[in-house]
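A.B. asks: Sequence:
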Amino acid sequence: MKAETTRLRADAQRNRDNIVAVARVVFAEIGPGAPMDEIARRAGVGVGTLYRRFPDRGSLLRAVALESLSALLADARAAIDEEPAAWDALARVVRRAVDLRFSTHVTMMDEHTRQALKAAPDFRHTRAAVLDLVEHLVERAQAEGSMRSDVGAGDVLAVVSLLLKPPPSRSAEMSDLLMRRCLSLVLDGLHSGGRTMLPGEPISVTDLHLDS
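Reminder that position 37 of the sequence shown reads as 118 in this note's numbering, one-by-one numbering, no gaps.
Keep in mind the hints are simulated off the structure, nothing from the lab. The model shown is predicted, which means the values in this text are computed figures rather than measured ones. Warning: the hint list may mix true and false statements.
[Claimed, not checked] Label pairs and their calculated CB-CB ranges:
#1 256 with 132: 28 to 34 Å
#2 224 with 92: 47 to 53 Å
#3 98 with 206: 17 to 23 Å
#4 132 with 111: 16 to 22 Å
#5 123 with 92: 14 to 20 Å
#6 287 with 164: 23 to 29 Å
#7 205 with 261: 29 to 35 Å
#8 210 with 283: 18 to 24 Å
#9 165 with 125: 39 to 45 Å
#10 266 with 125: 36 to 42 Å
#11 159 with 285: 23 to 29 Å
#12 285 with 162: 22 to 28 Å
#13 128 with 158: 34 to 40 Å
#14 93 with 159: 25 to 31 Å
[Said to hold, decoys possible] Dumping the calculated SDA-like pairs for lysine to any residue here, alpha-carbon to alpha-carbon at most 25 Å:
#15 199 with 176
#16 199 with 240
#17 199 with 102
Built from N, CA and C at the ideal position, the CB exists for glycine as well.
Please put together the full structure from these sequences, using the hints given.
C.D. replies: What follows is the structure, given as structure tokens:
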């Protein structure tokens, strides 16, 4: 009986993880208003199963946002350990963030869902850890001379947020190509080889007012 219960729990966890993974893709393609039955269909589960795991759209959006952010944090930590230079680690984190699309288009959520997400302790803790790592990598990259000195971590986060909105195109393939091209242009602009003078002062994380 214990082995069967363990197996059932494992199956339930796999179903949940699969729903979240599929929802990440569907929300990125269609937006946070994507039909729940489309998510269930692509995940290979019944709509009833989806709603047992996530009783409403908001709970699914929050799960996708948290797991995307957790994946980004894990990759940032791995990048710091594995990449030879801070710039390489930062570029890897930026690419990962764009690849995940931070997936839920948080700014497009309804106000209730967005505020509930921001108030969740696990989300706040994970987001704070990601922000700390980005600031750390920016400071290290500037110290090593590989990143332009007139930008701050807030600038990096701002340009990444702009890239999370898929550009208009005739196909998903073209949208992905445009995204990757824009990302390469952004990284070139952040590198110390950049020559364009920027208006104002470097933007910090605090300047972004992320909790407002």
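A.B. asks: Now look at each hint and say whether the structure bears it out.
C.D. replies: Here is how each hint holds up against the structure:
1. 256 with 132: 28 to 34 Å: holds (30 Å)
2. 224 with 92: 47 to 53 Å: holds (49 Å)
3. 98 with 206: 17 to 23 Å: Given about 21 Å between the Cβ atoms, the range holds.
4. 132 with 111: 16 to 22 Å: Holds: the Cβ-Cβ distance is about 19 Å, inside 16 to 22 Å.
5. 123 with 92: 14 to 20 Å: At 19 Å between Cβs, range holds.
6. 287 with 164: 23 to 29 Å: With a Cβ separation near 27 Å, residue 287 and residue 164 satisfy 23 to 29 Å, so the hint holds.
7. 205 with 261: 29 to 35 Å: holds (31 Å)
8. 210 with 283: 18 to 24 Å: At 22 Å between Cβs, range holds.
9. 165 with 125: 39 to 45 Å: holds (41 Å)
10. 266 with 125: 36 to 42 Å: At roughly 38 Å between Cβ atoms, residue 125 and residue 266 fall inside 36 to 42 Å, so the hint holds.
11. 159 with 285: 23 to 29 Å: Given a distance of about 25 Å, which is inside 23 to 29 Å, the answer is holds.
12. 285 with 162: 22 to 28 Å: Holds, since residue 285 and residue 162 (Cβ atoms, about 26 Å apart) stay within the stated range.
13. 128 with 158: 34 to 40 Å: Cβ of residue 128 to Cβ of residue 158: about 37 Å, so the range 34 to 40 Å holds.
14. 93 with 159: 25 to 31 Å: This hint holds: roughly 28 Å between Cβ atoms.
15. 199 with 176: holds (24 Å)
16. 199 with 240: holds (21 Å)
17. 199 with 102: Holds, at about 21 Å.
The earlier numbered hints are all upheld by this structure, with none contradicted.
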